[in-house]
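Colleague: Between the sequences and the hints, there should be enough to build the whole structure, so can you do that?
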Amino acid sequence: MEKFHNIGTSADWLVMLFYFMFVMLFGSYFGRYNRNTKDFFFGGRRFTWWLIAFSIVATGVGSHSFIKYSAMGFNNGFSSTMTYLNDWFFMPFFLFGWLPIVIYTKVQSIPEYFEKRFSPSARFLATILLIFYMVGYIGIGFLTMGSAMLPMLPESFVLFGSNFPVTLMGVVTVIAVITGIYITFGGQTAVIFTDLLQGVVLLFAGFLLFFLGVSYLGGFSIFWDMLPAEWKLPLAHFNKPSGFNFVGIFWQDGIAGSVGFLFMNMGLIMRFMATKSVDEGRKAAAFNVLFMLPLSAIVVGNAGWIGKALSIEFPDLVPPNTIPDQIFVVVANIVSHPGVFGFIMAALTAALMSTVDTLINATAAIYINDIHRPLIKAYSKRVNTVKETDKKELFAARIASVAITILGVISVLAFKNFPTIYEAHGYFHSTLTPPLVVAIFLGAFWKRFTPSGVIASFVSGVALMILGSNYPAALIGPFDHGIVMDSSHPYTYIRALYNILVCLSIAVIITYLDTILRNITGKWKKAGTDRKITNILIPVTVIFFLLTSLNITNMPVSLALALINSFLISLIVTSRVKYDAVRNTEGLTIWSIQKAKEIFKGSKINEAEGKTVKVKFKIKTDDNSDTVNFSFTEMEDMAAEVGDLVYISDARKYLGGLKSVHSVYGESHGEKGIVYITEDHLASGLFNKNRILVAEKEM
Amino acid sequence: MPSFYHTWLPFIYLYGVGGVFFVLGLIFAIKSNALNLKKKKHKYWLRVLIFGYLYFMFIHAFFTIAALYW
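If you read the sequences in order, they're chains A and B. If you count the first sequence from 1, position 599 lands on 598 in numbering that gives the first Met the number 0, and the numbers rise without skipping. If you count the second sequence from 1, position 20 lands on 19 in numbering that gives the first Met the number 0, and the numbers rise without skipping.
Among these hints, one or two may not hold up.
[Stated by the list, open to error] Simulated pairs of lysine-lysine, DSSO-like, Cα-Cα distance not exceeding 30 Å:
1. B:K30 - A:K613
2. A:K525 - B:K40
3. A:K282 - B:K38
4. A:K282 - A:K522
[As the list claims (entries may be wrong)] Cβ-to-Cβ under 8 Å is the rule here; a few derived chain A residues that face chain B:
5. M90
6. I589
7. I592
Calculated directly from the structure, the hints in this document are not laboratory data. C-beta: ideal position from N, C-alpha, C; glycine also.
Modeller: The structure is reproduced here in structure tokens:
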């Protein structure tokens with residue numbers, strides 16, 4: 000394989016340095032809009048759809064990365080785009096199920112949903128799995144950034160007379176330090192605005208590279224004719240080769256990846272939660288999948304396509320055996336001038352940084368919400384004021400961000416031995432997403448799904464997944480759709496289908512056995528032996544899990560142990576967990592969205608459709624409640640009633656809701672065109688005196 | 000000429016199996032009333048959802064034909 004070093008000039012490094020400084024300053028400017036932990040993590044639920052849609056571009060593109068798609072474009076052609084064009088199938092579930100559930104129930108993290116829907120123990124297990132997932136994702140981001148920077152750096156450098164080799168892990172560590180510093184002092188509002196800027200720059204840089212590459216080759220028709228027909232097909236071969244085939248990638252990315260990305264990527268969900276309403280969140284998500292993802296597919300893959308054409312026409316310039324993960328940097332350097340190359344590289348690395356900082360921010364939110372707060376609640380006797388708690392949590396969030404960054408760097412070690420980053424990411428998705436994907440999906444769309452079903456699926460599902468990894472030919476083989484098993488990385492993608500099926504089967508079977516489980520545990524309770532029996536069963540299940548996952552026995556025994564274990568676990572859960580099938584599903588599944596809306600509002604929903612109105616504001620001094628007062632006319636125009644929820648923002652549309660506030664309609668008055676707000680509204684809405692405001696009924 | 004395994008089989012599988020998930024999602028959303036077709040806004044969203052499915056189907060079909068015959 001042809002390896003490159005020292006690509007680029009000092010002009011490129013200067014451009015990169017200036018770009019990074021500009022982005023950091025831009026981010027810290029918006030960092031001042033963080034008012035509390037809610038803002039640090041969620042940006043205060045106030046932004047319009049277009050701002051969020053563009054800010055997602057950098058996160059989506061960064062996470063799906065220039066490096067890995069260029070590598071796949073170089074190896075396989077236009078089919079590198081297929082993972083960007085297969086997310087629509089789950090949009091009905093997401094737009095009308097998961098998104099409103101998450102927003103209306105006001106859950107601050109996915110594990111919190113598991114506690115409300117199932118039990119604290121389900122939350123605990125979901126937290127562990129989710130943190131694994133997020134840290135792995137951060138690791139993939141660091142690995143990609145390291146791989147992007149490595150070809151630009153020398154093989155070694157001399158410091159104080161000693162020679163230091165430049166290694167991938169060394170580069171990753173330096174990048175992690177920079178990323179960690181930025182996120183620790185920024186927060187979600189800063190991340191949203193830097194991502195917005197970077198999304199635009201990224202699209203521009205990607206298309207610029209495509210234009211420069213096609214021009215370098217002599218025009219689009221020459222470029223098109225140069226590529227063989229197989230390279231121009233938008234979908235890969237059905238089941239060949241094992242390192243890149245359609246059916247494996249469909250299950251790994253189109254199913255597990257799409258649900259994982261939309262339903263459990265806290266970084267993305269927090270963006271949608273930062274929109275001013277559910278409908279704005281829907282618009283942002285739909286616009287992103289319909290338009291931004293197809294554009295992003297071209298932006299991230301085109302360097303590989305150009306590289307392929309260059310390797311056919313000029314094999315001395317781009318050897319066909321160039322390391323695929325280096326092709327982006329190699330092509331960008333060939334087709335662009337000094338300085339322009341630096342700009343493209345800056346856009347790339349900054350976008351990757353966006354992905355990573357979003358994920359770090361999201362993982363810190365999970366830490367605060369699902370570990371820090373429950374621990375403080377359980378062990379701290381001191382009662383703090385809201386302000387004191389907020390200050391402490393902000394500090395803890397920053398420390399958590401640093402710790403997560405370090406774990407992300409360590410996780411790079413698990414991925415760096417795959418042939419390409421694409422395969423590493425594919426393996427990561429197939430392995431870590433299925434248990435949570437199944438649990439979230441059944442939890443949100445199947446009312447009958449029980450805590451015993453979810454916990455058995457988490458524990459025994461994971462055990463069966465590990466068993467699949469240990470015996471891929473026997474267990475994953477039956478689902479391989481004709482893919483030949485590569486013994487060094489067996490079934491990188493199609494294992495997702497096996498993993499989903501085992502988790503789903505355990506979840507469904509255990510849920511259907513609920514009556515039997517209740518009968519058995521009911522008898523134990525009657526006899527007063529339930530505590531005693533479950534105390535014995537808990538260590539037994541731990542031993543069974545270890546026997547299965549550590550591959551101590553043979554396959555049939557391990558398989559039998561895993562299945563018996565799922566039954567034992569469900570007995571323990573049914574006996575110990577207090578679960579009310581009505582209370583634990585109300586507003587928490589798609590079947591009770593209306594109820595979720597009512598819980599969110601606190602009263603009956605006013606469905607009448609009204610208009611938006613423009614008003615000037617005055618401060619009320621006599622009333623400090625969280626209500627705003629409009630005139631009779633405006634109340635009529637908005638079809639609003641006292642007690643309904645209202646969203647007020649600065650009338651300047653380009654602010655995208657940065658200066659805005661949510662409140663409740665109070666009693667109306669006779670001054671047309673005036674809204675009375677409190678000092679608190681003025682401060683949290685960041686409104687400027689004499690500016691016109693726009694108001695609309697939220698629900 | 001690339002084989003059926005590289006051209007139309009992935010296309011049929013993608014929109015066939017993917018389509019099952021898509022239609023299931025629509026059925027769940029409509030049956031649960033989360034997508035309430037009595038509301039003007041929700042009727043619009045149903046059209047957007049169906050448009051999206053056909054839009055991606057068209058993109059893949061167009062590029063497959065272009066790769067083979069253009």
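Colleague: For every hint, state whether the structure bears it out.
Modeller: Outcome of the hint check:
A hinted pair counts as satisfied when its Cα atoms are at most 30 Å apart, and K30 (chain B) with K613 (chain A) does not qualify at roughly 38 Å. Of the supplied pair hints, the one linking K525 (chain A) and K40 (chain B) is violated, its CA atoms being roughly 54 Å apart against a limit of 30 Å. A threshold of 30 Å between alpha carbons decides the hint, and for K282 (chain A) with K38 (chain B) the separation of about 17 Å falls inside it, so the pair holds. For the hint pairing K282 (chain A) with K522 (chain A), the CA-to-CA distance comes to about 52 Å; that exceeds 30 Å, so the pair is violated.
A hinted interface residue such as M90 (chain A) counts as satisfied when its beta carbon comes closer than 8 Å to some beta carbon of chain B; here the least separation is about 6 Å, so the hint holds. Restraint check, I589 (chain A) versus chain B: the minimum CB separation of about 5 Å is within 8 Å; hint holds. For I592 (chain A), the suggested interface contact is upheld, since its CB lies about 4 Å from the closest CB of chain B, less than 8 Å.
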